[in-house]
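Residues in the sequence shown are numbered from 0 upward in steps of one, following numbering that gives the first Met the number 0.
Please keep in mind that the hints were generated in silico from the structure rather than gathered at the bench.
Treat the hints with care, since some could be wrong.
Listed next, the in silico PhoX-like pairs over lysine-lysine satisfying Cα-Cα at most 20 angstroms (straight line) [as the list claims (entries may be wrong)]:
| no. | residue 1 | residue 2 |
| --- | --- | --- |
| 1 | Lys220 | Lys417 |
| 2 | Lys324 | Lys62 |
| 3 | Lys383 | Lys398 |
| 4 | Lys356 | Lys320 |
| 5 | Lys268 | Lys386 |
| 6 | Lys417 | Lys386 |
| 7 | Lys220 | Lys199 |
| 8 | Lys383 | Lys364 |
| 9 | Lys352 | Lys133 |
| 10 | Lys133 | Lys289 |
| 11 | Lys364 | Lys386 |
| 12 | Lys294 | Lys398 |
| 13 | Lys356 | Lys113 |
| 14 | Lys133 | Lys113 |
| 15 | Lys289 | Lys62 |
| 16 | Lys199 | Lys364 |
| 17 | Lys268 | Lys289 |
| 18 | Lys294 | Lys320 |
| 19 | Lys398 | Lys289 |
| 20 | Lys352 | Lys383 |
| 21 | Lys268 | Lys237 |
| 22 | Lys107 | Lys133 |
| 23 | Lys383 | Lys417 |
Pair by pair, the computed Cβ-Cβ distance ranges are [to be verified]:
| no. | residue 1 | residue 2 | range |
| --- | --- | --- | --- |
| 24 | Thr316 | Gly400 | 35 to 45 angstroms |
| 25 | Ser222 | Thr316 | 27 to 37 angstroms |
| 26 | Asp297 | Lys62 | 35 to 45 angstroms |
| 27 | Gly271 | Arg293 | 15 to 25 angstroms |
For glycine and all other residues, C-beta sits at the position ideal for the given N, C-alpha and C.
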Amino acid sequence: MSRPTRTFAAAVAATALLLAAACNSASSGGTSKGADSVRGVTDTRIKVGGIVSMTTASGYSKKDTDLGAKARFDRANAEGGVNGRDIEYLGAEDDGQDPARNLAAARKLVQQDKVFAIAPMSSTTFSGADFLQKQRVPTFGWGTLPSFCGPSYIYGFGGCMVPMPGGTISQTWPEGLEQVLGGARGRSVAILANDSDAGKFAIRTYRQSFASAGFEVTFAKPSVPATSVPSDWSAYTKEILRSDGGRAPDAIVSVMQTPYNIGLFTAVKRTGYAGVLTDPTDYDPGLLSKSATRKALDGVHVLLSFQPFEQESAAMTRFRKDIRKAAGEDVPLNMHMMTGYMSADLFLAIAEKAGRKLTVASFQKAADGFTDTGTLVGDRAEPKGQKESFGCGALVQLKDGEYTVSAPFRCYPPIPFK
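Could you build the full structure based on these sequences and the hints that come with them?
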């Protein structure tokens with residue numbers, strides 16, 4: 000081959016290599032030497048962001064979820080990071096509990112900020128789920144939405160809390176309530192939820208759950224408007240309080256957020272109702288700063304899918320210490336902090352197992368067959384957690400301005416979802 004021909008061939012080969020490298024980098028979002036095929040990963044850091052409903056039309060806020068995630072990532076970095084890489088936590092985008100903003104936040108974090116993972120994702124809307132799944136973005140949050148159940152890149156820190164066909168239902172709530180009431184047989188419950196897809200699914204789920212535990216479900220409707228808190232609850236309370244053959248049920252179960260619970264429970268108490276009130280939302284010392292809120296929620300038993308702050312353990316002591324350090328002062332603990340903290344914790348545990356050569360593929364391989372024990376949400380296992388919950392929880396009761404454990408944290412066998 001003549002010298003000009005050899006020169007031309009070498010140039011073509013070099014150009015082809017450069018084009019291939021450019022295509023690989025562009026398609027993957029790579030940004031550094033040694034990790035240029037992995038979005039959000041360099042030799043020294045892993046970039047992570049969150050999506051949280053910090054502001055909402057009803058005034059309900061999950062902003063402390065961001066603090067919880069920061070606290071866990073800060074400790075990880077102080078301990079040397081993950082396999083030699085620090086976590087670069089960008090903080091959380093506020094989706095305002097709006098589907099359009101949720102998707103926009105997901106797109107921004109992936110396409111503009113180039114994050115490797117999203118932790119935490121905490122909102123009542125998760126319209127960005129399909130986008131994140133297609134983009135192969137490991138995403139972590141509280142698995143109370145259907146999107147956390149099934150997709151291979153989306154993980155609930157307590158597992159899948161929304162039963163799917165062929166899956167199971169966690170029995171934490173009815174089993175805990177059985178302890179509070181001293182038994183389930185002969186006891187009746189009324190279940191109320193919002194008129195939304197989530198509310199309808201919750202009614203379907205908890206009707207099965209409580210009935211399986213031996214309770215008589217006398218009322219189960221998703222009838223409360225999801226767009227605004229009713230000013231008059233009389234229509235709801237009248238029907239509920241006559242649901243057990245003209246009598247009041249032994250327990251009223253609300254599957255709604257705090258503003259709704261305040262209205263419902265206040266109205267029920269005014270009738271002189273003396274049964275048990277319970278919901279899965281109102282574990283937040285910050286709610287106690289207002290006397291009207293404290294009065295409305297007094298006596299309510301709150302479902303938790305994690306160890307109560309009042310139940311001592313080494314893991315809880317470490318959680319308190321991490322939150323205090325991240326906040327810069329002593330702050331009242333709440334469930335939103337735990338959501339962020341445990342979302343970050345599950346991500347870190349899987350990333351550690353993935354090893355130094357971190358890619359989406361190696362992360363997913365590490366998740367397949369991942370197990371650990373003794374965490375603040377019980378024993379964890381993947382991919383089990385993408386199909387069913389880890390089945391652990393507790394009930395706490397607000398009484399005279401303080402929370403006390405009414406059903407200790409433990410794990411219960413699930414039941415088949417029908």
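We went through each hint and held it up to the structure:
1. Between Lys220 and Lys417, the direct Cα distance comes to roughly 18 angstroms. Compliance with the 20 angstroms bound is thereby established for this hinted pair.
2. Under the criterion of a C-alpha separation no larger than 20 angstroms, the hint pairing Lys324 with Lys62 is consistent with the structure, at around 17 angstroms.
3. A hinted pair counts as satisfied when its Cα atoms are at most 20 angstroms apart, and Lys383 with Lys398 does not qualify at roughly 36 angstroms.
4. Restraint check: the Cα-Cα separation between Lys356 and Lys320 comes to about 31 angstroms, which exceeds 20 angstroms; the hinted pair is violated.
5. A hinted pair counts as satisfied when its Cα atoms are at most 20 angstroms apart, and Lys268 with Lys386 does not qualify at roughly 38 angstroms.
6. Between Lys417 and Lys386 the alpha-carbon distance is near 14 angstroms, which keeps this suggested pair within the 20 angstroms criterion.
7. A C-alpha spacing of about 8 angstroms is found between Lys220 and Lys199, which places the hinted pair at or below 20 angstroms, so the restraint holds.
8. As the CA atoms of Lys383 and Lys364 are separated by approximately 14 angstroms, the hinted pair is consistent with the 20 angstroms bound.
9. Distance hint between Lys352 and Lys133 is unfulfilled; the C-alpha atoms sit about 24 angstroms from each other, more than 20 angstroms.
10. Among the hinted pairs, Lys133 with Lys289 is inconsistent with the structure: their alpha-carbon atoms are about 44 angstroms apart, more than 20 angstroms.
11. Restraint check for Lys364 and Lys386: satisfied, since their Cα atoms lie roughly 17 angstroms apart, inside the 20 angstroms limit.
12. Between Lys294 and Lys398 the alpha-carbon distance is near 10 angstroms, which keeps this suggested pair within the 20 angstroms criterion.
13. For the proposed pair Lys356 and Lys113, the alpha carbon gap of about 18 angstroms is at most 20 angstroms, so the pair holds.
14. Straight-line distance between C-alpha atoms of Lys133 and Lys113 comes to about 15 angstroms, which keeps the hinted pair within the 20 angstroms bound.
15. Restraint check for Lys289 and Lys62: the C-alpha separation of about 19 angstroms stays at or below 20 angstroms, so the hint holds.
16. Of the pairs offered as hints, the one joining Lys199 and Lys364 is violated, with about 35 angstroms between alpha carbons and a cut-off of 20 angstroms exceeded.
17. Straight-line distance between C-alpha atoms of Lys268 and Lys289 comes to about 18 angstroms, which keeps the hinted pair within the 20 angstroms bound.
18. Between Lys294 and Lys320 the CA atoms are separated by roughly 30 angstroms; this puts the pair beyond 20 angstroms, and the hint is violated.
19. Pair hint Lys398 plus Lys289 holds up; C-alpha atoms about 15 angstroms apart against a cutoff of 20 angstroms.
20. For the hint linking Lys352 to Lys383, the alpha-carbon distance of about 17 angstroms falls within 20 angstroms, and the restraint holds.
21. Between Lys268 and Lys237 the alpha-carbon distance is near 12 angstroms, which keeps this suggested pair within the 20 angstroms criterion.
22. Proposed proximity of Lys107 and Lys133 is supported: the alpha carbons are some 15 angstroms apart, at most 20 angstroms.
23. Straight-line distance between C-alpha atoms of Lys383 and Lys417 comes to about 18 angstroms, which keeps the hinted pair within the 20 angstroms bound.
24. Our hint of 35 to 45 angstroms for Thr316 and Gly400 is violated, since their Cβ atoms are close to 24 angstroms apart.
25. The hinted window of 27 to 37 angstroms between Ser222 and Thr316 is violated, with their beta carbons roughly 43 angstroms apart.
26. For the pair Asp297 and Lys62, the beta carbons lie near 25 angstroms from each other, so the given range of 35 to 45 angstroms is not met.
27. Taking the beta carbon of each, Gly271 and Arg293 are about 20 angstroms apart, inside 15 to 25 angstroms as hinted.
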